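Residue numbers (the working numbering), protein chains in the order written: chain A, 15 to 973; chain B, 3 to 94.
In case anyone wonders, no lab produced these hints; they're calculated from the structure. Among the hints, erroneous ones may be present.
To be verified - Okay, the calculated beta carbon distance ranges per label pair:
{"no.": "1", "chain 1": "B", "residue 1": "Trp10", "chain 2": "A", "residue 2": "Trp726", "range": "43 to 51 Å"}
{"no.": "2", "chain 1": "B", "residue 1": "Asp36", "chain 2": "A", "residue 2": "Thr165", "range": "53 to 61 Å"}
{"no.": "3", "chain 1": "A", "residue 1": "Gly434", "chain 2": "B", "residue 2": "Glu78", "range": "18 to 26 Å"}
{"no.": "4", "chain 1": "B", "residue 1": "Asn49", "chain 2": "A", "residue 2": "Ala896", "range": "53 to 61 Å"}
{"no.": "5", "chain 1": "B", "residue 1": "Asp15", "chain 2": "A", "residue 2": "Gly609", "range": "47 to 55 Å"}
{"no.": "6", "chain 1": "A", "residue 1": "Gly863", "chain 2": "B", "residue 2": "Asp36", "range": "16 to 24 Å"}
{"no.": "7", "chain 1": "A", "residue 1": "Pro99", "chain 2": "B", "residue 2": "Thr86", "range": "56 to 64 Å"}
{"no.": "8", "chain 1": "B", "residue 1": "Val82", "chain 2": "A", "residue 2": "His523", "range": "55 to 63 Å"}
{"no.": "9", "chain 1": "A", "residue 1": "Arg584", "chain 2": "B", "residue 2": "Gly65", "range": "32 to 40 Å"}
{"no.": "10", "chain 1": "B", "residue 1": "Asn49", "chain 2": "A", "residue 2": "Gly467", "range": "58 to 66 Å"}
{"no.": "11", "chain 1": "A", "residue 1": "Thr772", "chain 2": "B", "residue 2": "Thr86", "range": "48 to 56 Å"}
{"no.": "12", "chain 1": "A", "residue 1": "Asp867", "chain 2": "B", "residue 2": "Val82", "range": "45 to 53 Å"}
Claimed, not checked - If the Cβ cut is set under 7 Å, some of the chain B residues that face chain A in the computed set are:
{"no.": "13", "residue": "Arg5"}
{"no.": "14", "residue": "Pro32"}
{"no.": "15", "residue": "Asp38"}
{"no.": "16", "residue": "Trp40"}
{"no.": "17", "residue": "Trp67"}
{"no.": "18", "residue": "Val71"}
{"no.": "19", "residue": "Val75"}
{"no.": "20", "residue": "Thr81"}
{"no.": "21", "residue": "Val82"}
{"no.": "22", "residue": "Thr86"}
Everything numeric in this text was worked out from a predicted model, so none of it was measured. Beta carbons: idealized from backbone N, C-alpha and C, even for Gly.
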Amino acid sequence: MTGFRLPGGGRIDRGRPVAFRFEGRPYQGYDGDTLASALLAAGVTIVGRSFKYHRPRGLFSAGPEEPNAIVQVGPRPDLKATQVPLVNGLEAGPVNCWPGTRFDAGAAMGLARRFLPAGFYYKTFKWPDWNWWEPLVRRAAGLGRVDPAATAPEGQRRHLHCDVLVVGAGPAGIAAALAAGAGGRRVVLVEQDRLLGGSLLVDQGEVDGMPSDLWLARAEAELAARPETRILRRTTVFGCYDHGLVAAVERERIVWKIRAARVIVATGAIERPIAFQDDDRPGVMLAGAVRAYVTRWATAAGRRLVLFTNNDDAYRTALVWHGNGLQVAAVIDARRSADGPLPDAARAAGIPVATNATLLRALGRRHVRGVVVRDGNRRLRRIACDTIAVSGGRDPAVALFVQAGGRLAWQDAIAAFVPGDGGYTVATGAATGLFGLGSALAHGHAAGAAVAGAAPGDPPLAADVTTGTMLPLWHAGGDPALSWVDRASDVTVADVGLAAREGYVSVEHYKRYTTSGMSPDQGKASGVVALSLLGRATGRAPAAVGTTRFRPPWDPVPIAALAGADRGRRLRPVLHLPAHDQHLSRGAAMEEYGGWMRPAAYPQGAETRQAAIRREAAAVRAHAGLFDASPLGKIDVRGPDAGRFLDRMYIHRLSSLKPGRLRYSLAANEHGIVQDDGVIARLGPDRFLVGTTSGGAARMAEAFEEWLQCEWVDLDVFVTPVTQQWGVVNLAGPQARTLLGAAGTDIDLDPAAFPHMTFREGTVAGIPARVARVSFTGELSYEVAVPARRTAELWDALAAASVTAGIPPPVPFGVEALMTLRIEKGYLHVGADTDGTTYPADIGFDAAGRRGDDFVGRRSMQRPDAVRRGRLQLVGLLPEAADAVLAAGAHVVATGEGSDGHVSSACWSPALGRAIGLAMVRDGRSRMDETVTVDDLGRRLSARIVPPVFVDPDGSRLR
Amino acid sequence: MMRIPCPWCGPRDEVEFRCGGESHIARPDPDRADDDAWAAYLFDRHNVRGAGSERWLHRHGCGRWFNLVRDTVTHEIRTVYAMTDPRPERDP
Ligand SMILES: [Zn+2]
Numbered sequence: 015m016t017g018f019r020l021p022g023g024g025r026i027d028r029g030r031p032v033a034f035r036f037e038g039r040p041y042q043g044y045d046g047d048t049l050a051s052a053l054l055a056a057g058v059t060i061v062g063r064s065f066k067y068h069r070p071r072g073l074f075s076a077g078p079e080e081p082n083a084i085v086q087v088g089p090r091p092d093l094k095a096t097q098v099p100l101v102n103g104l105e106a107g108p109v110n111c112w113p114g115t116r117f118d119a120g121a122a123m124g125l126a127r128r129f130l131p132a133g134f135y136y137k138t139f140k141w142p143d144w145n146w147w148e149p150l151v152r153r154a155a156g157l158g159r160v161d162p163a164a165t166a167p168e169g170q171r172r173h174l175h176c177d178v179l180v181v182g183a184g185p186a187g188i189a190a191a192l193a194a195g196a197g198g199r200r201v202v203l204v205e206q207d208r209l210l211g212g213s214l215l216v217d218q219g220e221v222d223g224m225p226s227d228l229w230l231a232r233a234e235a236e237l238a239a240r241p242e243t244r245i246l247r248r249t250t251v252f253g254c255y256d257h258g259l260v261a262a263v264e265r266e267r268i269v270w271k272i273r274a275a276r277v278i279v280a281t282g283a284i285e286r287p288i289a290f291q292d293d294d295r296p297g298v299m300l301a302g303a304v305r306a307y308v309t310r311w312a313t314a315a316g317r318r319l320v321l322f323t324n325n326d327d328a329y330r331t332a333l334v335w336h337g338n339g340l341q342v343a344a345v346i347d348a349r350r351s352a353d354g355p356l357p358d359a360a361r362a363a364g365i366p367v368a369t370n371a372t373l374l375r376a377l378g379r380r381h382v383r384g385v386v387v388r389d390g391n392r393r394l395r396r397i398a399c400d401t402i403a404v405s406g407g408r409d410p411a412v413a414l415f416v417q418a419g420g421r422l423a424w425q426d427a428i429a430a431f432v433p434g435d436g437g438y439t440v441a442t443g444a445a446t447g448l449f450g451l452g453s454a455l456a457h458g459h460a461a462g463a464a465v466a467g468a469a470p471g472d473p474p475l476a477a478d479v480t481t482g483t484m485l486p487l488w489h490a491g492g493d494p495a496l497s498w499v500d501r502a503s504d505v506t507v508a509d510v511g512l513a514a515r516e517g518y519v520s521v522e523h524y525k526r527y528t529t530s531g532m533s534p535d536q537g538k539a540s541g542v543v544a545l546s547l548l549g550r551a552t553g554r555a556p557a558a559v560g561t562t563r564f565r566p567p568w569d570p571v572p573i574a575a576l577a578g579a580d581r582g583r584r585l586r587p588v589l590h591l592p593a594h595d596q597h598l599s600r601g602a603a604m605e606e607y608g609g610w611m612r613p614a615a616y617p618q619g620a621e622t623r624q625a626a627i628r629r630e631a632a633a634v635r636a637h638a639g640l641f642d643a644s645p646l647g648k649i650d651v652r653g654p655d656a657g658r659f660l661d662r663m664y665i666h667r668l669s670s671l672k673p674g675r676l677r678y679s680l681a682a683n684e685h686g687i688v689q690d691d692g693v694i695a696r697l698g699p700d701r702f703l704v705g706t707t708s709g710g711a712a713r714m715a716e717a718f719e720e721w722l723q724c725e726w727v728d729l730d731v732f733v734t735p736v737t738q739q740w741g742v743v744n745l746a747g748p749q750a751r752t753l754l755g756a757a758g759t760d761i762d763l764d765p766a767a768f769p770h771m772t773f774r775e776g777t778v779a780g781i782p783a784r785v786a787r788v789s790f791t792g793e794l795s796y797e798v799a800v801p802a803r804r805t806a807e808l809w810d811a812l813a814a815a816s817v818t819a820g821i822p823p824p825v826p827f828g829v830e831a832l833m834t835l836r837i838e839k840g841y842l843h844v845g846a847d848t849d850g851t852t853y854p855a856d857i858g859f860d861a862a863g864r865r866g867d868d869f870v871g872r873r874s875m876q877r878p879d880a881v882r883r884g885r886l887q888l889v890g891l892l893p894e895a896a897d898a899v900l901a902a903g904a905h906v907v908a909t910g911e912g913s914d915g916h917v918s919s920a921c922w923s924p925a926l927g928r929a930i931g932l933a934m935v936r937d938g939r940s941r942m943d944e945t946v947t948v949d950d951l952g953r954r955l956s957a958r959i960v961p962p963v964f965v966d967p968d969g970s971r972l973r
Numbered sequence: 003m004m005r006i007p008c009p010w011c012g013p014r015d016e017v018e019f020r021c022g023g024e025s026h027i028a029r030p031d032p033d034r035a036d037d038d039a040w041a042a043y044l045f046d047r048h049n050v051r052g053a054g055s056e057r058w059l060h061r062h063g064c065g066r067w068f069n070l071v072r073d074t075v076t077h078e079i080r081t082v083y084a085m086t087d088p089r090p091e092r093d094p
């Protein structure tokens, strides 16, 4: 028999039916249902297949501890059906079956299960190696599917600050929030459920002399009326982090980062099972869940129940079942006697109660059909039933308390870990092991009152139901290889014993070996069962075994929620050039370079990218080109000690630079490794403008500050990054001087008055400008810097100057043509030609020899490793076949074995009409004219080592 | 996530800061330090279990470096002090 909806009751709205589909079949539930309760009510018994053995599985719980009903909802994988609110049109299905839950091809694994014990993969798939087997194994065992094309709804990250954070709105949490906020303290009450009430939603009673539902409604109204109290529903606190940061996720979309002066953990307790043979069959459920489905969702899991328990509390399930006109076939109680009020009430209701009895085995394959019980006289007997409710006691939900630094203590009376001391949270209610309603309310009230700061009011009053002692019981009997510990990971009692025999006695090692507790449910219901069984197998008490470390997140959090608004372009915003539109209107193919969108090239009409690059580079050498160099880093460094400071930051002395002049230099870090390069201008006696690479602008400014603030605190220097304040257009080529003059400038362009490596201030095309004669192309070149907002104006003026001059216009060229031009000249590209091992000497700068003063990294450049033979040195490469373009990153191979260096930059050179490259080659400078082999992923080429300058080695074109 | 009391801005979330590692690493005179002494300066760190001095940058804030004493086990920040101040003698 399967589950069905009871005719009345429940916290569902029967006036609002909800249509949904599971495995493609249409069903109907009600508003207020979860996917789990709706499936149960619709008679769906098999909700998934198990992880390893593909055994049919049904619902096991009603909360976040659910190990079996792992479902795919639309594009979202691995949700627990017990946590999915039912909404119209919901499409869900199981995650681990093919072709479906009813018939599953992988169930053959179940027949071979004895070949898949813990550690099976480690032992079996080690030859040739795991990577070979992984795709096969992943296909067989796995969870949901991620659809790469699906886009999750955008998440949010929000911050919240309060005086008191109460986690969990069961009786204790509500009492705590009421007391804490009575004096006007700012209180936040967080509840994972859509409804407040916790256990009161399942087990009604009497509070303050009224029905608990009425008390609950009043308490909720009072909290809602307080201006400083905020309630977050459907919000799960998933982690307690350092310094009191508490993180929660609301409706799977909003991540809350909460800072509270006090944190009260009222997270309740989670029921755990007792293992017996075939206890994973559909129809075996936690006792509290069976009860919750009846009282909260008006859903019976079946018609004929057997309850297996070691404690009084679970008798409530038999009473509720009976009270709804359903049949309780038997209560199987493992204890010698059961004579508290709850067992007595069960007997009084005519429910058969067998004490000193054990449930050994569930019968039935696709669904429970009965049980095998050993009674007090050690006789075996079968009892027919369609539902088995099992309770092995309850574990306080202590994860958050421990994450916050709290220590646990073992409490024999409930055979569970409870909060001890330490940490920044205070636990209350069932989370401390106080399972009585009256005790929980009183304890919660006291916890709230302690931080209220004003009269907290009277505690809510309720009576505890007296319960007898429980009997710790982890495995009742039956075949241990068919008695489950962790259903989600398919770990059995036998696996625990095997792990112990193989020496995995640390609970952390055991966990990793068996994968116990590593599924979406995180072993919430199975953790203490597992460690107790491990303790039994190794002769230790559970307290001595201890728990595995509780790490956030307590419950899965969608990555989309964590990402918040940081997705797509917002994850890493890019900068646009001030003349962005000018480039687009000239056909620029924009690409991202170091966070800037820059023209890669300007293909015209049907021209290919490659053709455009070669045309642009050739035009710069033959005529003139325009390049937007605005992203080049610019740092204003000023102060009386600016010169001394830069002497220490760069490998060349810069204090000797005359105002109006430029000098190229490299910066190293203290390890002597090249960090950046650039041209430094001396603007005045106390002022420099430091040029950096575009990617190095922020890093260099930060390095300057670190040295100034942490080491040379006596230097009087101010550092101001100004990269984005300036727009820079580079006019390069033989016609550059003519064009600049035609654009109109008050600067004397005569080479004698304005030579290479100097700069002048004045106007260009009527715009205030700083013009530098510096070149990254090897051609005569003017770098014109103007206020950023006038960059477009400058660009247009320089382009139009050709009309005045009566010559063809300058050709816009992109980053790729610039790279071609600088490779032709052997100009370094830090980060491409250099890496984290490159000293200046490796690329031809004998910096360590600088005399008289010190600079960052100098001493490291003298270390044996920096001066040894066999270092990689920058050289040029000429492929033997002129049209064989090298690949950057390809290895230079000496004698067929091992690498002798690598190609660092390569291109087709329009100037030479052939392929060229730069390379870092072992002892390269002493190997000129040697022919080496270049290996690009198996493609082998011959190339000759040459000096790393291919065009105009004496620099006459620059002058 | 830690909350770090910037001496200029007050308590701020850890994500606004950058840790610069152990503080009070004296830079030896480069011309007198032999290779071992220089390597020790570059690479040797105490990596303490317990209270250790570190320098931090309020990177997405005031941009200032400062020192603090942090317990590497509990993350408790014992004290915050200026770059130019000596390491506190005892645990405050
Ligand atoms: Zn600050």
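Cross-check of the supplied hints:
no.: 1; hint: Trp10/B to Trp726/A: 43 to 51 Å; in the structure: violated, 20 Å
no.: 2; hint: Asp36/B to Thr165/A: 53 to 61 Å; in the structure: holds, 60 Å
no.: 3; hint: Gly434/A to Glu78/B: 18 to 26 Å; in the structure: holds, 20 Å
no.: 4; hint: Asn49/B to Ala896/A: 53 to 61 Å; in the structure: holds, 55 Å
no.: 5; hint: Asp15/B to Gly609/A: 47 to 55 Å; in the structure: violated, 24 Å
no.: 6; hint: Gly863/A to Asp36/B: 16 to 24 Å; in the structure: holds, 19 Å
no.: 7; hint: Pro99/A to Thr86/B: 56 to 64 Å; in the structure: holds, 58 Å
no.: 8; hint: Val82/B to His523/A: 55 to 63 Å; in the structure: violated, 40 Å
no.: 9; hint: Arg584/A to Gly65/B: 32 to 40 Å; in the structure: violated, 24 Å
no.: 10; hint: Asn49/B to Gly467/A: 58 to 66 Å; in the structure: violated, 43 Å
no.: 11; hint: Thr772/A to Thr86/B: 48 to 56 Å; in the structure: violated, 40 Å
no.: 12; hint: Asp867/A to Val82/B: 45 to 53 Å; in the structure: violated, 34 Å
no.: 13; hint: Arg5; in the structure: holds, 5 Å
no.: 14; hint: Pro32; in the structure: holds, 4 Å
no.: 15; hint: Asp38; in the structure: violated, 10 Å
no.: 16; hint: Trp40; in the structure: holds, 5 Å
no.: 17; hint: Trp67; in the structure: holds, 4 Å
no.: 18; hint: Val71; in the structure: violated, 15 Å
no.: 19; hint: Val75; in the structure: violated, 10 Å
no.: 20; hint: Thr81; in the structure: violated, 15 Å
no.: 21; hint: Val82; in the structure: violated, 14 Å
no.: 22; hint: Thr86; in the structure: holds, 6 Å
The structure fails hints 1, 5, 8, 9, 10, 11, 12, 15, 18, 19, 20, 21 (numbered hints given earlier, in ascending order).
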